[in-house]
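Trainee: Here are the chains, one letter per residue:
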Amino acid sequence: MADIEFRVVSDRREGLLLELGRLVIASGFTLQRQRMERTGAGVVLTMVVRGPETNLLTLEDRLGSHPLVNSFEAGVPDASHAPAAAPEPARPRASSAERGADVAVAGTGPDHARVEALLPSLARDYPDIFNRVLAFEHELPAAQREPTTRYAGNRVGAWIYKRDYALGARLNLADSVKHIALPAMRQLLRGTELGNDGLRILKSPFAGIGLHRGASCHFLRGCLEGLLNEPGHLGHPRILETFCRNSGADVCTFTFSA
Amino acid sequence: MHDHAIQCIHDPLLAALSYLVAVLGSYTALQLAIGIPAAGNPRERMQAVVASGAAMGGAIWAMHFIAMLACKMDIAVTYGLGLTVLSAVIAMLSCMVGLAIAGTGLFTWGKLVLGGLFMGVGVAGMHYTGMAAMLMPADIEYDTGIVLASVLVAVIASIAALWLAFNMRGAAQMLGSALVMGVAVCGMHYLGMSAASFHPNAENPARAVAGGLSGAYLGATIFAVTTLLLATVLVMSLLRQQRRAMVRI
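Residue numbers (my numbering), protein chains in the order written: chain X, 1 to 258; chain D, 1001 to 1249.
In isolation and in its complexed conformation, chain X is listed as follows (with noise of 0.2 Å):
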């Protein structure tokens, strides 16, 4: 059991604590202590928190893709409780160091301020955005592509949904599945489809290319993710690549659970 303090600022104050302090406790930690002021840079909410640290990882993806978070840096505990400036990106947690590396890697979260630098060219470019996208990646250091790349695609799917498919009823998540995340993709990807394993890539251009052993389309998960989360009714689904090309696949699939 360790204890880690978060720094996550908001644009918003209302519901934050609780929507922050659902995850918590959905990812198997118990919130120690909290503290929200407002600064500068928006709504500034520290929390304390206490649990193990084998879901660490699964917190700070929980956070980072929140839609009420703007960044977010996680730590060791500051006991002094010194007023909240503008926070980092993520660092490394202090006994990092006395790891493995594996275990250096469940501790950085993604590169908010890589990442804040690279949405405005995506926006621009859409939906022709691989080539940035697959340029971004192989730019970050190795422990940060899977977080911060799946970050990106969180964003991006969130602004596509608010974008172009926000009008129209709440849809379960089977519905949401097939009259949002599908057609997105599609617009993205040819060669999208959805079958009865689950969403179907058939040529994704994060497969293959030698960054990633295993599943490589943190992109593309991140943008399920992003779509699926911003209507804000589905409970944040769970979605899993469960075959990837580049693991030897004939197609990357991705599955959905509530």
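If you are wondering where the hints come from, they were derived from the structure by calculation, not from laboratory data.
All figures in this text were calculated on a predicted structure; none of them were measured in a lab.
Fair warning: there could be bad hints in the mix.
A few chain D residues facing chain X, derived, Cβ under 8 Å [claimed, not checked]:
(1) Ile1034
(2) Pro1037
(3) Asn1041
(4) Gly1105
Covered stretches of chain X (in silico footprint by chain D; criterion: 3 or more residues with CB under 8 Å from a CB of chain D, positions within the stretch not fixed) [claimed, not checked]:
(5) 41 to 52
(6) 114 to 122
(7) 175 to 186
Away from chain X, derived, C-beta distances all over 10 Å, residues of chain D [stated by the list, open to error]:
(8) Pro1012
(9) Ala1038
(10) Asn1204
(11) Ala1206
(12) Tyr1217
Don't be surprised by glycine CBs; every beta carbon is placed ideally from N, CA and C.
Based on these hints, arrange chain D on the given structure of chain X.
Mentor: Just chain D now, kept in the frame of chain X:
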């Protein structure tokens, strides 16, 4: 069937115009309606419900009376003001209820069917109230079977239109739903007209039509309603384009 029933010959141009107006009005109404789920508070939601229901009811009403003007009969016809207004109110209120049901909460088949029922019955209710508003030296007899079929057409097509409008996204949502709702409104009307037969009675023609609205007054009102619908759809399109361009990544 009486041998001396009066024939109603439809002017094809006006009949085509009636479908266009139905589609235009349905497009406007459904574009307003898909904002119902996105309303941030009860007041916004009510505004969206009222606006979309009024637009839909107005479209149904305008379509009906264009089609009635398209119906050429050998006798003079005017329209009673009270029932003409009531027909519009019926259309608007039932559409408001139907759209509110379809646009609330998670989209389900139950809500879809109930919403379509309200809208379809509203279309039919407007039509037969509008028919009752006719002042003429003739009586109307209805074939019950065809009347029921006309109501069924209205309900089924309304359900389909609501499904397209709320469930789909993109071009299918926008245009498809309006085209299908146009079929609901026109299909119901022309099937309902085929259910009616007009039989001259002994009433003095001048007295029969006295006090009713003539075609000229109706035409002016229909023109105003149609212009309002067109202006609304243009403004909405501009606002939606602006809103889309302003969405920040």
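Trainee: Any hints from earlier that this structure breaks? Give me their numbers in increasing order, please.
Mentor: 3, 5 and 9
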